[in-house]
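Student: Listed below, chain by chain, are the residues.
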Amino acid sequence: MDIKINQIGNLLRDQIKNIDNNVDVNEVGEVLEIGDGVARTSGLGNVMSSELVEFPNNVFGMALNLEEENVGVVLFGDSSLVKEGDTVKRTGKVVEVPVGKELLGRVVSPLGVPIDGKGPINSKHTLPIERKALGVMQRFPVKEPLQTGLKSIDSMIPIGRGQRELIIGDRQTGKSAIATDTIINQKSTHSSDSPVYCVYVAIGQKASTVAKLVGELEANGAMEYTTVVVANASDPAPLQYIAPYSGCAIGEYYRDNGMHGLIVYDDLSKQATAYRQMSLVLRRPPGREAFPGDVFYLHSRLLERSSKLSEDLGSGSLTALPVIETQEGDVSAYIPTNVISITDGQIYLDTNLFNGGVRPAVDVGLSVSRVGGNAQIKAMKKIAGKLRLDLAQFRELEAFAKFASDLDEATAAQITRGRRMVEILKQNQYVPMSTANQVIIIYAASQGYLDDIELESVKEFEVGLLEHFASKAPECIKEIDDTGNIGDDLADKMNKTIEEFKKSF
Amino acid sequence: MKQNHKKIKIYSESLCSSADTFENFQSIKRTLEDLIVLSKKDLTINTFLKSKLIDSSQKMDIFKKAFNEAFNKNLLDILLVMIEHDDINLLVEVNKNFVTLAKKKLNIAYVEVTSPFTMDNSDQDNLAKELSNITNKQIDVNFSVNKELIGGLKIKIDDMLFDSSLKTKLENAKSKLIGV
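Top line first, the protein sequences correspond to chains A and B.
Each residue of the first sequence is one higher than the one before, counting from 1 in this note's numbering.
Each residue of the second sequence is one higher than the one before, counting from 1001 in this note's numbering.
Heads up, a few of these hints could be off.
[Said to hold, decoys possible] Some chain A residues well away from chain B (every beta-carbon gap over 10 Å; in silico):
| no. | residue |
| --- | --- |
| 1 | Leu-44 |
| 2 | Gly-45 |
| 3 | Lys-89 |
| 4 | Lys-101 |
| 5 | Arg-106 |
| 6 | Arg-283 |
| 7 | Ala-333 |
| 8 | Val-431 |
| 9 | Glu-454 |
| 10 | Glu-456 |
| 11 | Asn-485 |
[As the list claims (entries may be wrong)] With beta-carbon atoms standing in for the labels, derived distance ranges:
| no. | chain 1 | residue 1 | chain 2 | residue 2 | range |
| --- | --- | --- | --- | --- | --- |
| 12 | A | Arg-171 | B | Asn-1172 | 44 to 52 Å |
| 13 | B | Thr-1047 | A | Gly-287 | 42 to 50 Å |
| 14 | B | Asn-1142 | A | Ser-310 | 54 to 62 Å |
| 15 | A | Arg-131 | B | Asp-1034 | 50 to 58 Å |
| 16 | A | Gly-119 | B | Leu-1170 | 19 to 27 Å |
| 17 | B | His-1085 | A | Arg-131 | 47 to 55 Å |
| 18 | B | Asp-1020 | A | Thr-91 | 37 to 45 Å |
| 19 | A | Gly-287 | B | Ile-1134 | 46 to 54 Å |
| 20 | A | Arg-131 | B | Tyr-1110 | 48 to 56 Å |
| 21 | A | Ser-50 | B | Leu-1166 | 55 to 63 Å |
| 22 | B | Lys-1064 | A | Glu-30 | 33 to 41 Å |
| 23 | B | Ile-1045 | A | Glu-54 | 47 to 55 Å |
| 24 | A | Gly-287 | B | Tyr-1110 | 50 to 58 Å |
Read the hints as simulated data drawn from the structure, not as lab findings.
Each residue gets a CB set at the ideal place from its N, CA and C atoms; glycine is no exception.
Turn these sequences into a full structure, and let the hints guide you.
Tutor: Here it is in structure tokens:
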């Protein structure tokens, strides 16, 4: 860090000049007991709920339990630095974080402190981490698409700007991969007039995992428009609890200023666990699965803050992709059911599909998007309906076909089509696809052009076809991008181009 | 637990009603504090007060004989009732509650003054008078010395801390410099 001698001199001079008349006035209390990251303090009679309080040795805490005789404070720092009898000071402000474009490309703690070694953040604005969600009149229906760049999601489970779409699945099923790909895919929006700024909130993850993720985002040029908020597994539970709210405040800045934001909470199960730990230590009564009674409100008040604003308020949006980890595929556990009911749909990832090589392992039957359909472009809407139907029929017949030795022609054709559909929906990580390309390949499959292609050659066919379109028929791509529709003329042109390529394949 | 809360309230309210002047309050408070310290430090007294083997009437007699002259009559009566009902273990909580109630009733502020050196009596009196005028309250003041302050004073009035110590100023300057 560059230390400027002049600045130090000025600061010292200021301090010395005011040394006689400066009196620190603070409302204080005393630490009665401390343990498990929670301090009970006396005094602090006027402290507000969620107010930041300061302990000696630069340890901060948040007042949570305001009781008649004492105040329960959760600590954000090392509790071994605080001892019984220490003085605790009010700061007079609720916990807030710096917000703004200065945070792009940075990795910060839930208190907004940079942890990437790139120096201080000179942000002009701050926002309290806990803010009330907007009312009905301030909102607008979700109508603009937010492209993830993943064929299976953009075609069948479309997400709109301002939507809250849950990503749910067991461990190691590719939940974070979907979120990361979605962030990487927003790069294309930064050459348009409505860029999407991203916030990735890592809660309770290993520091090495987060470091790897930041590295991948940097390698793909996605850190330029992304802020990463980190509360690692080794951080105190209160930091893991506030991390999503901090991230949300950072995202809300874009929404409230007429821009578009995307926030990923990875993952909320760990936040709920951290909150459970904190609540039990604060002696709040436990309920189902030992979670406190207000665990639903914990997530509902967070996710309600993602919204699409009305034109009067600048038409900004904040899209949320919360992640929930299930145990052995049990979606009926307490936290998964809560978050499923709060969000506008879910992307369910299945372990068997993942192990079977279907990646992203999206279970189309259990996944749904409740509002995103309105945001889908017409071209995608047209072909996706057929795709969903084909896949549903395929799944039904596939199970049935396992027991039958002879299949009639129609059934065999249906299975052949289904297998190719599943194949084209497979996609590697960190290679999001443009909407036009998605439309082309799904169109080709749904029109049956892939039916006579060997299953092993489908991937090769896809790559070749897209290259062929880019070189021989770029006007088709342009028309899909411009109009977002497949008219009769365009359909003819596309059919011709596909047939032409097939002859040479 | 709830039962104890009720008892603490009754005992402390009774003590508060007998503390009708500031001097009276100070005398009761000091006596209670001394008794608490004594019962904690002196094993004989502690055992005597808590023992189930000694009859409560016997305890009351001994207590009465020992403190009849030294204690305020109302205070002694309340303590005897506590002994009779085997509630003397609630003394710390009763004292705490009594101080809170009496401070409110008599408009008293609790002040802690910390200085880097010992203040002489006239300085202490002047400061106490000044603080009483400023706060418009009677003040229960306690002076202490902490050389680490280097210079200036730390004055804590109830929950408010007024800190003009050189130590804090240097710490503030340090944190500003770190933030450069």
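Student: Run every hint past the structure and note whether it holds.
Tutor: Hint by hint, here is what the structure shows:
no.: 1; hint: Leu-44; result: violated (7 Å)
no.: 2; hint: Gly-45; result: violated (5 Å)
no.: 3; hint: Lys-89; result: violated (7 Å)
no.: 4; hint: Lys-101; result: holds (22 Å)
no.: 5; hint: Arg-106; result: holds (17 Å)
no.: 6; hint: Arg-283; result: holds (13 Å)
no.: 7; hint: Ala-333; result: holds (35 Å)
no.: 8; hint: Val-431; result: holds (43 Å)
no.: 9; hint: Glu-454; result: holds (65 Å)
no.: 10; hint: Glu-456; result: holds (61 Å)
no.: 11; hint: Asn-485; result: holds (56 Å)
no.: 12; hint: Arg-171(A) x Asn-1172(B): 44 to 52 Å; result: holds (48 Å)
no.: 13; hint: Thr-1047(B) x Gly-287(A): 42 to 50 Å; result: holds (45 Å)
no.: 14; hint: Asn-1142(B) x Ser-310(A): 54 to 62 Å; result: holds (60 Å)
no.: 15; hint: Arg-131(A) x Asp-1034(B): 50 to 58 Å; result: holds (53 Å)
no.: 16; hint: Gly-119(A) x Leu-1170(B): 19 to 27 Å; result: holds (26 Å)
no.: 17; hint: His-1085(B) x Arg-131(A): 47 to 55 Å; result: holds (53 Å)
no.: 18; hint: Asp-1020(B) x Thr-91(A): 37 to 45 Å; result: holds (40 Å)
no.: 19; hint: Gly-287(A) x Ile-1134(B): 46 to 54 Å; result: holds (50 Å)
no.: 20; hint: Arg-131(A) x Tyr-1110(B): 48 to 56 Å; result: violated (38 Å)
no.: 21; hint: Ser-50(A) x Leu-1166(B): 55 to 63 Å; result: violated (34 Å)
no.: 22; hint: Lys-1064(B) x Glu-30(A): 33 to 41 Å; result: holds (36 Å)
no.: 23; hint: Ile-1045(B) x Glu-54(A): 47 to 55 Å; result: violated (41 Å)
no.: 24; hint: Gly-287(A) x Tyr-1110(B): 50 to 58 Å; result: violated (41 Å)
In this structure, the hints that do not hold are numbers 1, 2, 3, 20, 21, 23, 24, in rising order.
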